[in-house]
Amino acid sequence: MKDAPRRLQGLPSWLLSHAALAGDRLVNEALATEGVRKYHFRVLVALSDDGPLSQAELGRRLAIDRSDMAAVAAELEQRDYIARTRDDRDRRRNVVTITPAGSEALARMDAAIDAAQDTLLAPLSEKERQQLTQLLARLR
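Numbering (the working numbering), first residue to last: 1358 to 1497.
Calculated directly from the structure, the hints in this document are not laboratory data.
Bear in mind the structure is a predicted one, so any value in this text is a computation, not a measurement.
Hints may be right or wrong, so weigh each one.
Derived Cβ-Cβ restraints for the label pairs, each shown as a range [said to hold, decoys possible]: (1) ARG1448 - SER1424: 12 to 22 Å; (2) GLY1367 - ARG1448: 49 to 59 Å; (3) SER1482 - PRO1369: 41 to 51 Å; (4) HIS1375 - ARG1497: 13 to 23 Å; (5) SER1482 - ASP1447: 42 to 52 Å.
Derived pair list, reagent style SDA-like, types lysine to any residue, alpha-carbon separation capped at 20 Å [to be verified]: (6) LYS1395 - ASP1467; (7) LYS1395 - ALA1427; (8) LYS1395 - LYS1484; (9) LYS1484 - LEU1496; (10) LYS1395 - THR1476; (11) LYS1395 - ASP1381.
For glycine and all other residues, C-beta sits at the position ideal for the given N, C-alpha and C.
Sequences are here, hints too, so could you generate the full structure?
As structure tokens, then:
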């Protein structure tokens, strides 16, 4: 990046894309230590924070395609990180719940993600990290 033309180095969009690539690499590496990908992490976070949800609702909330959501749910269920049950009110729906094993795995993933965030943001003070997070949230 230091070899890039000066004009590019002054473009916020260019800087954001390079920071995002670095962050993405660090997060992928962190999650790989648990044998999971970002989809898995996102699903477990949603279930931990929001409680049981239908598989379709999870996909909508997390912007995960229906077929990808089915595959991710199957992978998480195989690891015993989630449980899928038929909705008593609508037998066509699967209700997805995080399991105790899923909660334990999520705690390890959270620690790995925190370490990745610390690595990414190492050049910044705590105050600068908070400011950056607030500014990025405004751009979303």
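Here is how each hint holds up against the structure:
At about 21 Å, the beta-carbon gap between ARG1448 and SER1424 stays in the expected band of 12 to 22 Å. Taken as a hint, the range 49 to 59 Å holds for the pair GLY1367 and ARG1448, whose Cβ atoms sit roughly 58 Å apart. For the pair SER1482 and PRO1369, the beta carbons lie near 20 Å from each other, so the given range of 41 to 51 Å is not met. As the Cβ distance of HIS1375 to ARG1497 is approximately 18 Å, the hint placing it in 13 to 23 Å holds.
Look at SER1482 against ASP1447: about 51 Å separates their beta carbons, and that is inside 42 to 52 Å. For the given pair, LYS1395 sits about 12 Å from ASP1467 by alpha-carbon distance, which is consistent with the 20 Å threshold. For the given pair, LYS1395 sits about 15 Å from ALA1427 by alpha-carbon distance, which is consistent with the 20 Å threshold. Between LYS1395 and LYS1484 the CA atoms are separated by roughly 27 Å; this puts the pair beyond 20 Å, and the hint is violated.
Proximity of LYS1484 to LEU1496 is assessed by CA-CA distance (about 19 Å); at most 20 Å being required, the pair is judged to hold. Taking the CA atoms of LYS1395 and THR1476, the gap is near 18 Å; set against the 20 Å cutoff, the hint holds. The suggested pairing of LYS1395 with ASP1381 holds, with an alpha-carbon distance near 9 Å, which does not exceed 20 Å.
Hint compliance for this structure: hints 3, 8 are broken, all remaining hints hold.
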